[in-house]
Amino acid sequence: KAGVTQTPRYLIKTRGQQVTLSCSPISGHRSVSWYQQTPGQGLQFLFEYFSETQRNKGNFPGRFSGRQFSNSRSEMNVSTLELGDSALYLCASSLQGIEAFFGQGTRLTVV
Amino acid sequence: SQQGEEDPQALSIQEGENATMNCSYKTSINNLQWYRQNSGRGLVHLILIRSNEREKHSGRLRVTLDTSKKSSSLLITASRAADTASYFCATRTSYDKVIFGPGTSLSVIP
Numbered sequence: 017k018a019g020v021t022q023t024p025r026y027l028i029k030t031r032g033q034q035v036t037l038s039c040s041p042i043s044g045h046r047s048v049s050w051y052q053q054t055p056g057q058g059l060q061f062l063f064e065y066f067s068e069t070q071r072n073k074g075n076f077p078g079r080f081s082g083r084q085f086s087n088s089r090s091e092m093n094v095s096t097l098e099l100g101d102s103a104l105y106l107c108a109s110s111l112q113g114i115e116a117f118f119g120q121g122t123r124l125t126v127v
Numbered sequence: 074s075q076q077g078e079e080d081p082q083a084l085s086i087q088e089g090e091n092a093t094m095n096c097s098y099k100t101s102i103n104n105l106q107w108y109r110q111n112s113g114r115g116l117v118h119l120i121l122i123r124s125n126e127r128e129k130h131s132g133r134l135r136v137t138l139d140t141s142k143k144s145s146s147l148l149i150t151a152s153r154a155a156d157t158a159s160y161f162c163a164t165r166t167s168y169d170k171v172i173f174g175p176g177t178s179l180s181v182i183p
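Residue numbers (my numbering), protein chains in the order written: chain A, 17 to 127; chain B, 74 to 183.
Simulated from the structure, these hints should not be mistaken for lab results. Treat the numbers as computed from the prediction; the structure is a model and nothing was measured. For each residue, glycine too, the CB sits at the ideal point set by N, CA and C. Please note that a few of the clues may not be correct.
Unchecked claim - Derived DEER-like restraints, expressed as beta-carbon distance ranges: (1) A/G56 <-> B/T100: 20 to 28 Å; (2) A/I28 <-> B/S180: 29 to 37 Å; (3) A/Q33 <-> B/S141: 47 to 55 Å; (4) B/A151 <-> A/I28: 40 to 48 Å; (5) A/E98 <-> B/E126: 38 to 46 Å.
Stated by the list, open to error - Some chain A residues close to chain B (C-beta under 8 Å, calculated; not the full set): (6) S49; (7) L59; (8) F61; (9) L106; (10) E115; (11) A116; (12) G119; (13) G121.
The following block holds chain B by itself, in its conformation from the complex (with noise of 0.2 Å):
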């Protein structure tokens, strides 16, 4: 089975509105980072999170851990149509294996 589960599936919004996506994981983990692809191209680095980081900002990405849940939430503010695309979370367990999770796919509507 999966280490990371992200939730929802998919996920479609109006341009403008804010975006989250959650993925919890299993095992312990030392990081954890959120991927965005689009269109079955190559995957694009968007930010990661050490087990001992709470919380991290980059642009209008917000990422939360929770590792007392196993969890993680990617919040994307003020959506764009440029943003269409399926986002990955993927956690580095400590036996340092990098585990992605099936994705959300994320469809903004302009």
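The following block holds chain A by itself, in its conformation from the complex (with noise of 0.2 Å):
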């Protein structure tokens, strides 16, 4: 079956853009959750939605908001981007949130 699929793969903006990544899970994972990865901070988590709720939260500014569809695909949203938030973004779908298969991730360059 088919894996786990963020778009767009590469991405750049500017400061104080927004942006929307997007991802769809695999089929039939209800659970999703978005990481950010940056060499200085390395794998952080930002949220995980289950069912269209968000369930967890990580230490990030509220620029950072996320949400599930009915399907159970997945957007997040950055506003108000600063250089900081240039990274690697990934999204991991599961069944009911233990094993996690990842996306190959969204690579953000804000300049």
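Take the two lone chains, each set in its own frame, and fit them into one complex as the hints suggest.
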């Protein structure tokens, strides 16, 4: 079956702009999590959704938001982009929040 | 601070040797997982060990968990050049948050 699909793969944005990233989980998976990966901070948990409800949220400012749709697809949005938001954003899906399957990520560069 | 801390940060070994990585964590966990990441791509799930398990095997991988010491180790036996990657431990806490450690960068020299 198809894996986790993240779009777009690469993105370049200007400071102050906003961005929306998309994640399509594995069919049947209802849990979707988002992570930010940077060389300095490593892998940091952003949020986790299950059946359209946010179950957990990491320590990120309110500029970072997300949502999950009824078909389990998820989007995350970052508003008022800052240079420090440049990172690899990873999405993972799982059946019940246990074993997570990751997408290839979206590489966001803020200039 | 990170929940999971891998040790060492970087490891370089010859092909055929065994590689051992350690992970320590701070709070109570429901399970601990190990992942591999190649060159900044997506993570690949390797193995999950639950808090009531002490050891688990999967192919050339062996994971141990010591909840009294809040630590886990990942052993890769008979390493191959293709094992070159970054390895992360991730803990799911009793508050249901998943926290990754900073990772161990493994280089296997042919």
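Cross-check of the supplied hints:
1. Separated by about 23 Å at the C-beta atoms, A/G56 and B/T100 satisfy the suggested range of 20 to 28 Å.
2. Remark: the range hint 29 to 37 Å for A/I28 to B/S180 is upheld by a beta-carbon distance near 31 Å.
3. The hint said 47 to 55 Å for the Cβ distance between A/Q33 and B/S141, and at roughly 49 Å that hint holds.
4. Judged by the Cβ atoms, the range 40 to 48 Å given for B/A151 and A/I28 holds: they are separated by roughly 43 Å.
5. Between A/E98 and B/E126 the CB atoms are about 42 Å apart, so this pair conforms to the stated range of 38 to 46 Å.
6. At about 7 Å, the closest approach between the beta carbon of A/S49 and any beta carbon in chain B falls short of 8 Å, and the interface hint on this residue holds.
7. Hint on A/L59 holds. Least Cβ distance to chain B is approximately 4 Å, under the 8 Å limit.
8. Hint status for A/F61: holds, given a least beta-carbon distance of 6 Å to chain B, under 8 Å.
9. For A/L106, the shortest C-beta to C-beta distance to chain B is roughly 6 Å, which falls under 8 Å, so the interface hint holds.
10. Interface restraint check for A/E115: the shortest CB-CB distance to chain B comes to about 5 Å, inside 8 Å, so the restraint holds.
11. Against a cut-off of 8 Å between C-beta atoms, the interface hint on A/A116 holds, since the closest Cβ of chain B lies about 6 Å away.
12. About 5 Å separates the beta-carbon of A/G119 from the nearest beta-carbon of chain B, less than 8 Å, and the hint is met.
13. Checking A/G121 against chain B: minimum C-beta separation of about 6 Å stays under 8 Å; hint holds.
Violated hints for the displayed structure: none, as all numbered hints are satisfied.
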